[in-house]
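Asker: Order-wise, the sequence lines are chains P and F.
One point on numbering: in our numbering, the residue at position 255 of the first sequence is 257, and numbering is uninterrupted.
One point on numbering: in our numbering, the residue at position 280 of the second sequence is 378, and numbering is uninterrupted.
Mixed in with the good hints there might be a few duds.
Beta-carbon label-pair distances, calculated as ranges [as the list claims (entries may be wrong)]:
#, chain 1, residue 1, chain 2, residue 2, range
1, P, Glu172, F, Thr396, 41 to 47 Å
2, P, Ala273, F, Asp290, 40 to 46 Å
3, F, Leu167, P, Lys276, 37 to 43 Å
4, F, Gln264, P, Pro198, 33 to 39 Å
5, F, Arg212, P, Glu176, 37 to 43 Å
6, F, His180, P, Lys276, 50 to 56 Å
7, F, Gly385, P, Glu172, 49 to 55 Å
8, F, Leu167, P, Ile141, 43 to 49 Å
9, F, His281, P, Glu176, 38 to 44 Å
10, P, Leu19, F, Asp290, 31 to 37 Å
11, P, Pro13, F, Arg212, 38 to 44 Å
Treat the hints as calculated values from the structure; they're not laboratory data.
Please read all numbers here as calculations on a predicted model, not as lab measurements.
Built from N, CA and C at the ideal position, the CB exists for glycine as well.
Chain residues, written in single-letter form:
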Amino acid sequence: MTALPVPSKRPLVTKWLLRLFTIGWLAAIVAVPLGSIVYRTFENGFAAAMRSLATGGSGEFLHALLLTVLVAAIAVPLNTVFGVASAILLARHRFPGARLLDAFIDLPVAVSPVVIGLGLVLVYGRTGWIGSWLAARGIEVIFSVPGIVIASAFVSIPYVARAVLPVLNEIGTEQEQAAATLGARPFATLWRITLPSIRWALAYGVTLTTARVLGEFGAVSIVSGNITNKTETLTLFVGDQFANFNQGGAFAGALILALMSLAVLGLLSLARRKEETAP
Amino acid sequence: MTIEIRNVSKSFGTAVALQSVDLDVPEGSLTALLGPSGGGKSTLLRVIAGLETPDEGRVVIAGQDVTALAPQDRGIGFCFQHYAPFRHMSVYDNVAFGLKVRRRPKPEVQARVRELLELVRLEDFADRFPAQLSGGQRQRMALARALAVEPKVLLLDEPFGALDAQVRKELRAWLRRLHDEVHITTVLVTHDQEEAMDVADTLAVINHGRLEQVGSPSDLYDRPANDFVLTFVGPATTIGGRYVRPHDIGLTRVDAGVVSAGRHRATVARVANLGFEVRVELTLEDGAATWAQLDRGTARGLGLAEGDEVYLAPLGDAPPAAVATR
């Protein structure tokens, strides 16, 4: 009688090694540093943390926070509209240059933000092609809020389109055609059929876009000029405090930034849970 | 309302889908576009709906040339092969969709949707979502959705193609009754000749983008215009290079001593009892295979078994002679 194959012990070892590695890696590069920030922020108590935020003058932190929120409030909707429009264009229309557009959408995440920042300065700076034209009309882009918005939008372009495009391809055109035979005009079809069908992918893309915009440093630091109380975003504030040896302020600012991102991610997981329970 | 199709041609790249098709669909009829897969019948339906633009020709619905009109403006109801349910909407909202985009007052929408859900027997499913329905229920929902906007014509693409055999037969009978009730000019696409003959009053056979023949089920069956229609509509086999219906083949035992003209000698290869029908597979003297369809009584009378020698001859009363296409 031949013995039945005994389940090897190796898979169990592999399983534990795999767990150890992923958890250890996440801890080493994500959890421990973030935890340390929380610890250092409140090392001397809550009041001390508040005080250290106000070191550079009480308004600086608040201004940076509001500017970051303002930039996100403009850049995220712009990229949402662009992302949905480009995804629909790529999924539903055949046109020359479609492949080029498809490749170009990914460019901003492939290129270093510093390069993007320098490119924007060249184009939108006072001596740039578009910048000089705008400057003649009294509109300043570089070293000003519009520049920060453009830089933030630039670096976060692909997220919505990349999240939505596969879903558009998967659902196909039949529902949209059915809507047309039932009398729906293109805009009604978009509003009542297409957008509801992609809503969770869209939420995912918007979340990633928001997180990226909140955290952008490189491109923004070049185009903003980092002027305190004028063009200093929250990431720049943190960098600035750190460079000026106000570690307490840097850590507190970093914590706020991390909490904002966590809130965005929390909203996403809420949306995901809803998606699972939705029919 | 009538549908007139005039000289419609359509190609996709180098593939020709329709070649100069002319077809009249009379008011209130239930017409089936019948043909093999890839023959162009679905394309013709989509051209009528405005989902495809013909390269040439015109489509006239209820006397109005709609060739240049968008699907939204043609007054059609369309059911897709896979029903294309709006997955994020309840059954109620699916059916109400066409009325809502027309901005009809809410009480009217409610009344109309309730009436339609009763018609398709889904009144208890109004709050369900398409994913919670069976195939047959989804099909009926799609029909109610298409009928809600009171279309002039109803277009159905392979309406029963994705259903299992039992549900398919039930829905077929139900659709026929519905048509007799609602009396809406209906065109349906199918590759199943039995389904087409069962449900439709007019059949249009389409193959390789051409209209082969138009007529009633018995026209096509008894007077096929050509060999394609003969072989596609109903069973067919060959004896001596001629097509013949297997139930129009008379068998006599060789040892019975009956002599008839035009007879062929053959050997019984197999006898299959299919209930009322008995299928006799035969090998002719030249080695060619054919088969005959007998009823149970006749087969019992002959008492055929494998290896028996028989004479066979096409029965005289229904030779499928070619008649001219309309």
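Asker: Decide, hint by hint, whether the structure agrees.
Answerer: Here is how each hint holds up against the structure:
no.: 1; hint: P:Glu172 / F:Thr396: 41 to 47 Å; in the structure: violated (56 Å)
no.: 2; hint: P:Ala273 / F:Asp290: 40 to 46 Å; in the structure: holds (45 Å)
no.: 3; hint: F:Leu167 / P:Lys276: 37 to 43 Å; in the structure: holds (40 Å)
no.: 4; hint: F:Gln264 / P:Pro198: 33 to 39 Å; in the structure: holds (34 Å)
no.: 5; hint: F:Arg212 / P:Glu176: 37 to 43 Å; in the structure: violated (27 Å)
no.: 6; hint: F:His180 / P:Lys276: 50 to 56 Å; in the structure: violated (27 Å)
no.: 7; hint: F:Gly385 / P:Glu172: 49 to 55 Å; in the structure: holds (53 Å)
no.: 8; hint: F:Leu167 / P:Ile141: 43 to 49 Å; in the structure: holds (47 Å)
no.: 9; hint: F:His281 / P:Glu176: 38 to 44 Å; in the structure: violated (28 Å)
no.: 10; hint: P:Leu19 / F:Asp290: 31 to 37 Å; in the structure: violated (57 Å)
no.: 11; hint: P:Pro13 / F:Arg212: 38 to 44 Å; in the structure: violated (58 Å)
Violated hints for the displayed structure, listed by number in ascending order: 1, 5, 6, 9, 10, 11.
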